[in-house]
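So the sequences go chain by chain: A and B.
Going by my numbering, the first sequence opens with residue 1, and the numbers climb by one from there.
Going by my numbering, the second sequence opens with residue 1001, and the numbers climb by one from there.
Honestly, the hints are just simulated from the structure, not real lab data.
Yeah, the Cβ is synthetic: ideal placement off N, Cα and C, and Gly gets one too.
Heads up, some of the hints might be wrong.
[Said to hold, decoys possible] Covered stretches of chain A (chain B as the covering partner; in silico rule of three or more C-beta atoms under 8 Å from a C-beta of chain B):
no.	region
1	28–41
2	149–155
3	204–214
[What the hints assert, rightly or not] Each computed DSS-like pair below joins lysine-lysine, with the alpha-carbon atoms no more than 27 Å apart:
no.	chain 1	residue 1	chain 2	residue 2
4	B	K1132	B	K1011
5	B	K1108	B	K1126
6	B	K1011	B	K1055
7	A	K150	A	K223
8	B	K1110	A	K223
9	B	K1011	A	K150
10	B	K1132	B	K1113
11	A	K150	B	K1225
12	B	K1055	B	K1110
13	B	K1055	B	K1222
14	B	K1225	B	K1011
15	B	K1225	B	K1113
16	A	K150	B	K1108
17	B	K1108	B	K1132
18	B	K1126	B	K1222
19	B	K1113	B	K1055
20	B	K1126	A	K150
21	A	K223	B	K1108
22	B	K1055	B	K1108
23	B	K1110	B	K1126
24	A	K150	B	K1055
25	B	K1110	B	K1132
26	B	K1011	B	K1110
27	B	K1132	A	K150
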Amino acid sequence: MAAEFLPAWPPAANSFILFGLVLLAGLIGGRIASRTRVLPSITGYIAIGFLLGPGVLGWLTEDALRDARIFVDISLGVVVFELGRRLDLQWVRHDRWLLPSGVAESLLSFCAMFALLRYFDIAPLEAAVAATVGVATAPAVVLLVAAELKAEGPVTRRALWHVALNNIIAMLGVALLLPFIEARDSGSPWNPTARALWLVAGSFLLGYLAFWVTRLVARFIGKSDAPQFVLIVGMIVLTVGLAQNGHLSVLLALLVFGVAVRNFDRAHHLIDIRFGHAARLFFIVLFVVTGATLRPDQFGPIAWIGLALVLVRLLGKAVALYLFASPARISIQQAATLSLALTPMAGLAIGMTQPIYDVAPEFGARLAAIVASGIAILHLIGPVATRYALVASGEGDSSELD
Amino acid sequence: MSSINEMLDFKSSQALTLGVELELQLVNTRDFNLAPDANDLLRRAADDVHAGELKPEITQSMIEINSGVHARYETLQSELRLTRDRLAAHARQMNVAIAGGGTHPFQKWKDRKIYPTERFLSVSDKYGFLAKQFTVFGQHVHIGCASADDAIYLTHALIRYVPHFVALSASSPFYQGVDTAFDSSRLSIVNTFPLAGTMPFVRDWHAFTEYFATMQGFGIVKSMKDFYWDVRPKPEFGTVEIRVCDTPLTVDRAAQIAAYAQALARMLWAARVDWIKPELYLVHGYNRFQAARHGLAGVLVDPATRASVSIADDIQNTLRQLAPHAAELASTGALDALATLVRDEGNDAAWLRRAFAARTTLPDVVREQSARWMEE
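Whenever a hint applies, use it, and build me the whole structure from the sequences.
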């Protein structure tokens, strides 16, 4: 008979144990990946998640994944805010081909994916929503791969700008399509239109408000690193929470927050804080959890539809960037590496489709089935493609293990 | 020996013509750290029409403007302004900024990437960490010389005025994130190279050729480029090159400093001064340090009179002596601007310290210095 003061055997998992294990396992997986000098650490995080997740070993259960949700949401908040800070509106004024090439890249990849999905007899609305979601490039992947390679230069800078823009376009697109989805399920388009409006306008307002408060507090605390770091992280977490409670788009609100910090802080009260090692903790959890959502059957026979989706999407982006290369005065090699860097697809992982689940759960599930295999494949090749692109452009240093 | 003769064949040029090289910083517009965009900027600017040329420098966040050859300060100034406007337009289109200044205030040298040309890679191989630390930004002024012996004379005579050039151009008070207490911290970085310093006390070009052959015989130097001297003759251009200046915060200041050198050369050639003796070099290290450390407030020892005099006063005196020469060279405006600098506004190092005091962070300082260079 066991003494009562001893814990039960085997020990039951709790959130702390889980968080710690996810970090350790992710760290080791990431290290193995980066030692190959071909794969980025992200691939290691995702592979570990896939292995530990319900799809294979089942150590990370659905419950555990739900518990990890809070870390995932905070990391996404940080990522999207950081992305927003890369969207310099002044740049649009000085390079008048920048915005057109960004819009074209989004539009052409949308058309290519929409056409392909229609070819596979997917209903128009589903195809439109899936293609809209597909426009967005995964910000976390591009930011993290760039950080890992210490990549900086024209291709990296442009890539992040395009990622910011195609995310905004995709989010606005989803909001635009939302009334149609709901109208088809419930019949009346009025209420859903108001909802879409609330979603977009509310998210913009919340993002701007977050900026306004941040600037106000920054004026009070002054321009030192540590206090401003706490201020920004605090405001990100607060904004994530408010957006969730207000049924707003967390992503749009934080993106607007980041864009406002970059562009509207005219008197420069805010300094460019770095998330550094702290962010790494959250990113590992984010990608391990992302990996855990993958299922082996997504790589089965239907995978070739996903692969086709990935390819036409890349083609759409590449053609647009190639067409705009000459007027935008970027070289063909830059256009090629830029397109490749935009390969990772944000898709469902970053919660863009959350509003769709909110209004029409069944539609959301159907949508997930359509794009899931494409996204699954992109989880494998996306980070590798971005890494290859940034190294090939000469801006990322592949010799450095960070 | 034939290769030495070729290398040291002094191409005579029209006396008192002038040209400048300016090394510039490329910075990003987000945190205003250095940005490795030299290649892209050079590619974009390749189609522009320049009188001079654009070149890469040792690390990828640097570019160098070489002006054309000018007889007058005013045409040099307009060329530099035109080049600046073109480069600024390209930079804006790339979402980067260009700044003057002798150092980047807070970049970390270990983050720099060597620009991959054969010469720079060999410099990096030879000098190790010094190569990356050499991410500093200088202005070189060239003065055309009619003969090689004139160049040797001028190289010696200008040593007396090196503290003036250092103090007038100083724009590197901040380095690696700290206020160094120097007006020109850049100069100390140049000092670390084994062949930095000054030309030996040779009397004429013949003696110089012998000196060079000896150094080459030791296997220490291959070409004139290996000497990182404060002032050196440049036989392939037929010029004397003053290399102690920080890149000023504006192209106008760069042109004014070139005009100062031109007027000095005219005066020195006209006067054929009698104080060119080894003693000149005994005070040089001290004078140069005073200028780098204290700028215009430094004190130099005049090797001719042995008197200590403040650098600011010495420049004002020199400006008075130069007035007739400036009038001949149509550069009175440039010298007046330098007089105002010395009397009222202070050098660029003072401007940068004021910007830091007002703005409190170094990225803010870089934002302001790039806006100043790009004329925003």
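Cross-check of the supplied hints:
{"no.": "1", "hint": "28–41", "in the structure": "violated (count 0)"}
{"no.": "2", "hint": "149–155", "in the structure": "holds (count 4)"}
{"no.": "3", "hint": "204–214", "in the structure": "violated (count 0)"}
{"no.": "4", "hint": "B:K1132 <-> B:K1011", "in the structure": "violated, 33 Å"}
{"no.": "5", "hint": "B:K1108 <-> B:K1126", "in the structure": "holds, 21 Å"}
{"no.": "6", "hint": "B:K1011 <-> B:K1055", "in the structure": "holds, 22 Å"}
{"no.": "7", "hint": "A:K150 <-> A:K223", "in the structure": "holds, 26 Å"}
{"no.": "8", "hint": "B:K1110 <-> A:K223", "in the structure": "holds, 26 Å"}
{"no.": "9", "hint": "B:K1011 <-> A:K150", "in the structure": "violated, 46 Å"}
{"no.": "10", "hint": "B:K1132 <-> B:K1113", "in the structure": "holds, 7 Å"}
{"no.": "11", "hint": "A:K150 <-> B:K1225", "in the structure": "violated, 33 Å"}
{"no.": "12", "hint": "B:K1055 <-> B:K1110", "in the structure": "holds, 23 Å"}
{"no.": "13", "hint": "B:K1055 <-> B:K1222", "in the structure": "holds, 22 Å"}
{"no.": "14", "hint": "B:K1225 <-> B:K1011", "in the structure": "holds, 16 Å"}
{"no.": "15", "hint": "B:K1225 <-> B:K1113", "in the structure": "holds, 22 Å"}
{"no.": "16", "hint": "A:K150 <-> B:K1108", "in the structure": "holds, 14 Å"}
{"no.": "17", "hint": "B:K1108 <-> B:K1132", "in the structure": "holds, 9 Å"}
{"no.": "18", "hint": "B:K1126 <-> B:K1222", "in the structure": "holds, 13 Å"}
{"no.": "19", "hint": "B:K1113 <-> B:K1055", "in the structure": "holds, 16 Å"}
{"no.": "20", "hint": "B:K1126 <-> A:K150", "in the structure": "holds, 25 Å"}
{"no.": "21", "hint": "A:K223 <-> B:K1108", "in the structure": "holds, 21 Å"}
{"no.": "22", "hint": "B:K1055 <-> B:K1108", "in the structure": "holds, 23 Å"}
{"no.": "23", "hint": "B:K1110 <-> B:K1126", "in the structure": "holds, 17 Å"}
{"no.": "24", "hint": "A:K150 <-> B:K1055", "in the structure": "holds, 25 Å"}
{"no.": "25", "hint": "B:K1110 <-> B:K1132", "in the structure": "holds, 7 Å"}
{"no.": "26", "hint": "B:K1011 <-> B:K1110", "in the structure": "violated, 40 Å"}
{"no.": "27", "hint": "B:K1132 <-> A:K150", "in the structure": "holds, 17 Å"}
Hint compliance for this structure: hints 1, 3, 4, 9, 11, 26 are not met, and every other hint is.
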